[in-house]
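Sequences and hints are given; from them, build the entire structure.
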Amino acid sequence: MKREDTMTSALKTTVHFSVYEPTIVLRIKAVVIVVHDLGENRHNYEHFANVLSRQGYVVVVPDLVGHGESLVNFERGYFGEGDITQAVIQDYFKLQNIIMRKYPDTFYFMLGSGVGSNIALLYASQYGEYLSGLMLLSPIRHLSHLTLRKMVTKMHMRIKGSHYHSHNRLLKLRPTHESGLVKKRRDQFNEAFTYASKALEDIYQFVEMSNSTETLQNIPHHLPIFFVSGKKDGMTHFSADHKWLCPLYQQEGFEEVKSKIYYQSGHHLMFDVEREELYKDILDYLNDHIYY
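Residue 135 in my numbering sits at position 17 of the sequence shown, and the numbers go up by one each step.
In case anyone wonders, no lab produced these hints; they're calculated from the structure. Among the hints, erroneous ones may be present.
What the hints assert, rightly or not - Think about it this way: if two alpha-carbon atoms lie no more than 30 Å apart in a straight line, the pair counts; the simulated DSSO-like pairs of lysine-lysine are:
| no. | residue 1 | residue 2 |
| --- | --- | --- |
| 1 | K130 | K350 |
| 2 | K290 | K130 |
| 3 | K350 | K376 |
| 4 | K290 | K361 |
| 5 | K220 | K290 |
| 6 | K349 | K361 |
| 7 | K278 | K349 |
| 8 | K350 | K268 |
| 9 | K378 | K361 |
| 10 | K290 | K302 |
| 11 | K378 | K147 |
| 12 | K120 | K398 |
| 13 | K130 | K302 |
| 14 | K361 | K268 |
| 15 | K376 | K301 |
| 16 | K301 | K268 |
| 17 | K120 | K349 |
Claimed, not checked - Restraint ranges, calculated between C-beta atoms of paired labels, are given here:
| no. | residue 1 | residue 2 | range |
| --- | --- | --- | --- |
| 18 | L144 | D201 | 41 to 47 Å |
| 19 | R121 | H263 | 38 to 44 Å |
| 20 | S330 | N286 | 23 to 29 Å |
| 21 | L264 | I142 | 47 to 53 Å |
| 22 | K268 | E373 | 31 to 37 Å |
| 23 | H281 | D201 | 16 to 22 Å |
| 24 | N405 | M273 | 47 to 53 Å |
| 25 | K398 | P365 | 21 to 27 Å |
| 26 | I216 | Q382 | 33 to 39 Å |
| 27 | G371 | M273 | 40 to 46 Å |
| 28 | E374 | V143 | 23 to 29 Å |
| 29 | R276 | Q369 | 16 to 22 Å |
Built from N, CA and C at the ideal position, the CB exists for glycine as well.
What follows is the structure, encoded as structure tokens:
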């Protein structure tokens, strides 16, 4: 069963979110909160959420501000002004608290995709004690040509303002090559849009801060983490980011770091050829980390 709801964002706009709940169940297994990727919205995850809800899980998928229906002054690709990183984290904490009022005595997991995984890491660095596990799909270690990206973005900000939407290919934040299947499954819910200059700076900060030593050290080391990547993903440098991140967390002393590479898939794992296998792996991971 799917229901829609809203809440007020720290960025002074309305955040829309979908809640998928099992129709007939004596007790839910857990709650999974999804942080979607760039260029997406909450509706992209309907298929995935329905699969999990049929297995007894509650799945909560909000639009990030600037995406879907959660817009600041009707502008897609713009988060707002101020400290966006902290505002987004506070929005997710507020959302978790809203859901906890209905489901207080259960497990909470967070699943991020792409830059959503980076945001999930930032969330865990502040509120990881409220989670029972992290599932990170295609987390990004660093953006290619970041110094040049920053320079061009800063120039646009100075000359054309924070709301300027550039079509410069250098500033694209989606994979160069995507299969027809991914486009069919993913883009049916999306409206093509670019990001404002200020939003690009915010995205760079999401990625950099999530990979900082401070974030690494502040995530509770008992929190189980499942890293997932696609071998054909240019955004994560063809799984090089994955192979760097997993040992880093193990060396830092995290108690449980699980990883898997899907060799036929690219960046958008939820929509690629191995998604059924991914769904099974996620369900296995969840089932292994709940107990009553």
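To see whether the hints hold, each was checked on the structure:
no., hint, in the structure
1, K130 / K350, "39 Å, violated"
2, K290 / K130, "27 Å, holds"
3, K350 / K376, "20 Å, holds"
4, K290 / K361, "24 Å, holds"
5, K220 / K290, "40 Å, violated"
6, K349 / K361, "11 Å, holds"
7, K278 / K349, "38 Å, violated"
8, K350 / K268, "26 Å, holds"
9, K378 / K361, "10 Å, holds"
10, K290 / K302, "20 Å, holds"
11, K378 / K147, "24 Å, holds"
12, K120 / K398, "21 Å, holds"
13, K130 / K302, "34 Å, violated"
14, K361 / K268, "26 Å, holds"
15, K376 / K301, "29 Å, holds"
16, K301 / K268, "28 Å, holds"
17, K120 / K349, "33 Å, violated"
18, L144 / D201: 41 to 47 Å, "43 Å, holds"
19, R121 / H263: 38 to 44 Å, "42 Å, holds"
20, S330 / N286: 23 to 29 Å, "27 Å, holds"
21, L264 / I142: 47 to 53 Å, "49 Å, holds"
22, K268 / E373: 31 to 37 Å, "36 Å, holds"
23, H281 / D201: 16 to 22 Å, "18 Å, holds"
24, N405 / M273: 47 to 53 Å, "50 Å, holds"
25, K398 / P365: 21 to 27 Å, "25 Å, holds"
26, I216 / Q382: 33 to 39 Å, "38 Å, holds"
27, G371 / M273: 40 to 46 Å, "42 Å, holds"
28, E374 / V143: 23 to 29 Å, "27 Å, holds"
29, R276 / Q369: 16 to 22 Å, "41 Å, violated"
When the structure is compared with the earlier hints, violations turn up for hints 1, 5, 7, 13, 17, 29 and for no others.
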